[in-house]
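S.K.: Using the sequences plus the hints, can you model the full thing?
Residue numbering for the sequence shown follows my numbering, starting at 502 and increasing by one per position.
Do not rely on the hints blindly, as some may be mistaken.
[Stated by the list, open to error] Once the Cα atoms are required to be at most 30 angstroms apart in a straight line, the calculated DSS-like pairs of lysine-lysine come out as:
hint, residue 1, residue 2
1, LYS785, LYS679
2, LYS612, LYS631
3, LYS695, LYS708
[Stated by the list, open to error] Now the in silico label distances, taken between C-beta atoms and shown as ranges:
hint, residue 1, residue 2, range
4, TRP582, PRO611, 25 to 31 angstroms
5, ILE583, ARG731, 48 to 54 angstroms
6, PHE789, THR568, 26 to 32 angstroms
7, TRP582, GLY674, 54 to 60 angstroms
8, ASP629, PHE789, 27 to 33 angstroms
9, ALA574, GLN757, 45 to 51 angstroms
Keep in mind the hints are simulated off the structure, nothing from the lab.
Ideal Cβ positions, reconstructed from N, Cα and C, are used throughout, including at glycine.
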Amino acid sequence: MLNEIENFLNCADQYLIGRRTEIHLSLLGILSRGHILIEDQPGMGKTVLANLLAQLLDRPLNRIQFTNDLLPADILGGPVWIKDQSNFVFEPGPIFGEMLLADELNRASPKTQSALLQAMEERQVSIDNKDHPLPEHFCVLATQNPYEQVGTHALPESQLDRFSVGLTLELPGRNLEKKILIMDDPRDKIKQLKACISKELADELFKRSREIVVSEQLLEYVLDLLQGLRKNGAHISPRAGQDLIVLAKMQAVFNQRNHVAPDDIQFLASSVLGHRVGGGRGMKVGQFEVTRLINELPIP
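M.R.: Right under this line is the structure:
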């Protein structure tokens, strides 16, 4: 693994202990220019993870707390009357940044949730018939609470499909939780951390990932997986398969290979497809179904 990647993971692991795999998957998603959805109970470290990623990647993080009274204009911005100019001027909302933490996304109304759709797909937003571009490295890190909690609104399939990676943060084991109990609050220390991966290196890694080779056999393997999920009733778009391939290429870069291996697909499949398969039933259900099918498919 590249030294910079290893340093990133080692540093992050000190402040969010026991979450190395989740940090790894999040980093893969961000460097692949995707979006991340994190689902679990409050207090599991979702927002700490988002702040840690932003700090170690040297990217400013805008945060929006999604509530049932939040409006699309609170996210996107809109025209503001400037008295001195006797004119309306567009005032950008918090979505105009490199990284957006959409905290408890599924507590907002479906109308407000939809304000993110164009931004996540096109990296621009259209307001008053004018397109406003977003930064090249724009990324949404969204958290959501389990659907059985009071006051949540299930994300529609169109929204779920725009997240490249879906993560759940399980309760730690007893020994690990004991360490967490005596830890200081990491948030102040995180603000003092130096970046491990520059934007220049991130761009270089993205460029390398585009050159990674995917064999015909492995493409057929991914197609078998997608079609198997569809036969079981899952609504899986071609974009889901594209995301799986893109992230598998970045995983190959992490491991300094020039090709994608079956292990890359198996490692990533539940995190790339689970939230899409689970839908309103929850991410963990979907991840279980993907893992079960992966175990049934013959390895190419």
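S.K.: Can you name, in rising order, the numbers of the hints this structure does not satisfy?
M.R.: 8
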